[in-house]
Amino acid sequence: MEFSAKQIAELIDGEIVGNQDVTISDVSKIEDGKPGTISFLANPKYTKYIYDTRASVVIVNNTFEPEREVQATMIRVEDAYSSIAKLMQMYAEMKPRKTGIEQPSFISDTASLGDFPYVGAFAYIGDHVKIGNNVSIFPNVYIGDHVSIGDNCILYPGAKIYNSCVIGNNCILHAGSVVGSDGFGFAPGADGEFTKIPQLGNVVLEDNCEIGANTALDRATMGSTVLKRGVKLDNFVQIAHNVEVGENTVIAAMSGVAGSTVIGKNCMFGGHTGVVGHLKVADGVKMGAYTGIGNNVKKEGVLLRGTPAIEAKAFSRSWVGFKNLPDLMKDVRTLKQEVKKLKGEE
Amino acid sequence: MEFSAKQIAELIDGEIVGNQDVTISDVSKIEDGKPGTISFLANPKYTKYIYDTRASVVIVNNTFEPEREVQATMIRVEDAYSSIAKLMQMYAEMKPRKTGIEQPSFISDTASLGDFPYVGAFAYIGDHVKIGNNVSIFPNVYIGDHVSIGDNCILYPGAKIYNSCVIGNNCILHAGSVVGSDGFGFAPGADGEFTKIPQLGNVVLEDNCEIGANTALDRATMGSTVLKRGVKLDNFVQIAHNVEVGENTVIAAMSGVAGSTVIGKNCMFGGHTGVVGHLKVADGVKMGAYTGIGNNVKKEGVLLRGTPAIEAKAFSRSWVGFKNLPDLMKDVRTLKQEVKKLKGEE
Amino acid sequence: MEFSAKQIAELIDGEIVGNQDVTISDVSKIEDGKPGTISFLANPKYTKYIYDTRASVVIVNNTFEPEREVQATMIRVEDAYSSIAKLMQMYAEMKPRKTGIEQPSFISDTASLGDFPYVGAFAYIGDHVKIGNNVSIFPNVYIGDHVSIGDNCILYPGAKIYNSCVIGNNCILHAGSVVGSDGFGFAPGADGEFTKIPQLGNVVLEDNCEIGANTALDRATMGSTVLKRGVKLDNFVQIAHNVEVGENTVIAAMSGVAGSTVIGKNCMFGGHTGVVGHLKVADGVKMGAYTGIGNNVKKEGVLLRGTPAIEAKAFSRSWVGFKNLPDLMKDVRTLKQEVKKLKGEE
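Protein chains in written order, with the working numbering: chain A, -2 to 343; chain B, -2 to 343; chain C, -2 to 343.
Same shape as in the complex, but just chain A (with noise of 0.2 angstroms):
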């Protein structure tokens, strides 16, 4: 499909400054930008490349000002970024989504779905399942016994659901993703064997939760784990057995929550980040990469860095101290020969 300058710009409520007759039908990065696309300008970083990008029509904020002419349409908006989203959004819902039930496929005589399902070819629902309208499961998706899901959920190919967990409505879960599998749980024996743990638990995810590729929630070994409203896990992230997450809460890739912990809402998380059991960690709190959390948190907000977790302007300066520590050594090195002399040691 084709759009005009002119049509964009009255979706977005923009300003344009250029010809409204150009059109586009599809969307580029504004450093490769092709003729016939549109492109946006939101970091600084990429300023630069407004200049000469072959993107017809190009969305900036309205407080850019051009040092030299602009070749491409600019549309003018107060937030470039959630624009580009907005338009990126109406696009992706006029894709159509497919429908019907593929063969072979294996639906339990006891599961129910909801109107409009997508089953994929060697997608298996087990016994008990509910499933609500404009469920979406892809192939070799596995949804076990007594599972239930809601409304206008994405199960990509090869998502796993264990028995009796519970999937919110608006849900997204990624290839090769893991809902419900047992929580590390196993007794010390006198002989050194480990004895497992019964993990009699589920998993339940609240409504607009998305889970990344790969990603595994383990499941609790009495009661729930649980991902509160609109969690955001990238891929490979470890959720274990009994965590709360609260609301809002987004955790980027190769991190991990250990067992019972209950992580705050509208907290962020970089990657190879972790958190150890048993914790509570304040709303808000933000980790940069590689933080390891080891105690209670209980600022809200603040922003850790390090293993074990400080504060990131400590860590920051103690960081540059690091860094100088051989010359630091040097320098207590040379001041103790002085003071020896000074004392009229040598």
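Everything labelled a hint here was simulated from the structure, so no lab data went into it.
Treat the hints with care, as some may be off.
As the list claims (entries may be wrong) - Simulated DEER-style distance windows between Cβ atoms:
#1 B:Glu90 to A:Asn130: 36 to 46 angstroms
#2 A:Ala89 to B:Glu90: 45 to 55 angstroms
#3 A:Lys42 to C:Asp142: 51 to 61 angstroms
#4 A:Lys31 to C:Asp142: 18 to 28 angstroms
#5 B:Asp10 to A:Pro185: 13 to 23 angstroms
#6 C:Asp142 to A:Pro185: 48 to 58 angstroms
As the list claims (entries may be wrong) - If we take Cβ atoms under 8 angstroms as the criterion, some of the chain A residues that face chain B in the derived model are:
#7 Asp179
#8 Phe233
#9 Ser315
#10 Leu332
Unchecked claim - Calculated lysine-lysine pairs in the DSS-like style (CA-CA distance at most 30 angstroms, straight line):
#11 B:Lys262 to C:Lys310
#12 B:Lys193 to A:Lys193
#13 B:Lys283 to C:Lys337
#14 B:Lys310 to A:Lys296
#15 B:Lys310 to B:Lys42
#16 B:Lys333 to A:Lys193
Using N, Cα and C, we set each Cβ at its ideal position, and we do this for glycine too.
Using the hints, position chains B and C against chain A.
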């Protein structure tokens, strides 16, 4: 099923304090206990909950002395944690397991299944595969040619075993785990291109191993990558080619062991830990989270921290120093000025 | 098949020391060599094993001078490691590969397969997919609509490729790997909720790439996430949206590259490494394990360590200082007292 406090107490050899006729049919956590459930108190952190828990029965250590009245029936035992574990195991064993072969599944004519198998739909069992008794193979599992699997194993949905690997008795492979993928071996060429070194070995799991969701064990270049008896790996653990992990060693999530390293028995590795290739790690070694071993560890039972790893006590002392580095640098600057003055240079 | 030492020596242009008629039919590691196998000695760490190995033939560097008698027939070559690699490649190529289409599998009417395909049971090939010659698609593989795959590729069980991605020639995707999952992109709303930014791009793998088990490559928001020719990724590697990884770069397990970062060619990244988003990393950069790059790296070929990353030599010197921090603090305390005395303040 319902059980009375009296019946439970007999099963775990405990002493009843309170109403022995109250019945339970489920387990719960003490902090959100519900009537009709049994809970336990082992970690002193949770002691405060026992006075108000709504659980009908609570198992406690016989050293526990309540400071005020406890509503629930208490069962006093030597070790509350292992008693609840024992009860949960009994409960788990009473649950019927699925048996039979769902359709469509793929079982090679040359494969042999033991007694009482469960083979889920879309499971694949290759040529010359040998499977023991009471094995559960969930949907979408892949078992390559010439694989051998012992008795009482559980292969959860989407577990994948490459050809020629060997799985012992009583092993559990969680969803999405991979056994026998190629080791990461390449020979560098003059032009910067890498040539693949074929990985001709396999992976051997001895009895009683458990492998977490999406964990991956690479096959040996030659010979075998080995998990000895009783090894427990959490989700997202990477075991490289030709590694050997000793008996009853447990490794937490997001951890990796590089090629040809030999890990001793009874080791305990925290999350995000790692061991460099071609090393030996002694028995009973423990690593805190984010610890990275870069040299042989000869001292049995040592607790390590940091990257590169050092003894945990030394790490903690140095970490205190790290946090104080800004002050230390300031002290040294002051000292330098004072010494200069004392030397009459200012 | 059996080969004589003489035949082997001819294949790898080596010089025989010992019985040229002894035969081998398998490979083994020198430390547990078995009669009838060929082994090799390249790493000096393993020299001690050559005198007692039971392997029938051992390939050695022609610089190797035995200190005492070696029982095995030796084949002396310029580079023992590349010679054994060459032999293993020949051996691997002699093994027949499966061909044909197992049932049930799902192949769209609009998909096109090349010559000599293997399509395992429960594999899914979507609409308008184009697949080259000699491609092996193992069971439970998912190939989304409009995907294109070159010649001689191997897709191991449970590999998943989302729609519209492009795979070059001679690529290997290991079990559970995911290509084309959504990038982790969300626009924050005023109420703390995040809105998904549709990920409309794809992933492109050029020729000769290998992707480890359970590794995940996210599709671009716009444009393409790209692995250039010859890139090798270990298990559990996370490549975020719009990343570009340069030719022949290799990345070890548990590592991640964040969004829009461009990695140069011939880089070597150790395990548990990471790179922050929107950066450029020069050609030939090396990272030790647990290194985290937080800024652009302009110096080609540099070896980095630490988080945030600094040059490895500087890191090592500072790490020595870190370990000595308790002593350093003590020295400074002593100096302070001594200077106080010298100043007559005590």
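Status of the hints after comparison with the structure:
1. For Glu90 (chain B) and Asn130 (chain A), the hinted distance range of 36 to 46 angstroms is satisfied, since their beta carbons lie about 39 angstroms from each other.
2. The beta-carbon spacing between Ala89 (chain A) and Glu90 (chain B), approximately 48 angstroms, falls within the hinted interval of 45 to 55 angstroms.
3. Range check, Lys42 (chain A) to Asp142 (chain C): Cβ separation about 35 angstroms, and the 51 to 61 angstroms hint is violated.
4. Take Lys31 (chain A) and Asp142 (chain C): their Cβ atoms lie about 23 angstroms apart, and the range 18 to 28 angstroms holds.
5. Our hint of 13 to 23 angstroms for Asp10 (chain B) and Pro185 (chain A) holds, since their Cβ atoms are close to 20 angstroms apart.
6. One distance hint, 48 to 58 angstroms for the beta-carbon pair Asp142 (chain C) and Pro185 (chain A), holds here, with the actual separation near 50 angstroms.
7. A distance limit of 8 angstroms between C-beta atoms decides the matter here; for Asp179 (chain A) the minimum to chain B is near 7 angstroms, and the interface restraint holds.
8. Taking 8 angstroms as the C-beta contact cut-off toward chain B, the hint placing Phe233 (chain A) at the interface holds, the least distance being around 6 angstroms.
9. With its C-beta approaching chain B no nearer than about 5 angstroms, Ser315 (chain A) sits inside the 8 angstroms limit, and its interface hint holds.
10. Because the closest C-beta pair between Leu332 (chain A) and chain B is about 6 angstroms apart, less than 8 angstroms, the hint holds.
11. Between the alpha carbons of Lys262 (chain B) and Lys310 (chain C) the distance comes to roughly 34 angstroms, so the proposed pair goes past 30 angstroms and is violated.
12. This hinted pair does not check out: Lys193 (chain B) and Lys193 (chain A) have alpha carbons roughly 39 angstroms apart, beyond 30 angstroms.
13. Distance restraint check for Lys283 (chain B) and Lys337 (chain C): the Cα-Cα separation of roughly 44 angstroms exceeds the 30 angstroms cut-off, and the hinted pair is therefore not satisfied.
14. Restraint check for Lys310 (chain B) and Lys296 (chain A): satisfied, since their Cα atoms lie roughly 28 angstroms apart, inside the 30 angstroms limit.
15. For the given pair, Lys310 (chain B) sits about 25 angstroms from Lys42 (chain B) by alpha-carbon distance, which is consistent with the 30 angstroms threshold.
16. Our distance criterion of 30 angstroms between C-alpha atoms is broken by Lys333 (chain B) and Lys193 (chain A), whose separation comes to about 60 angstroms.
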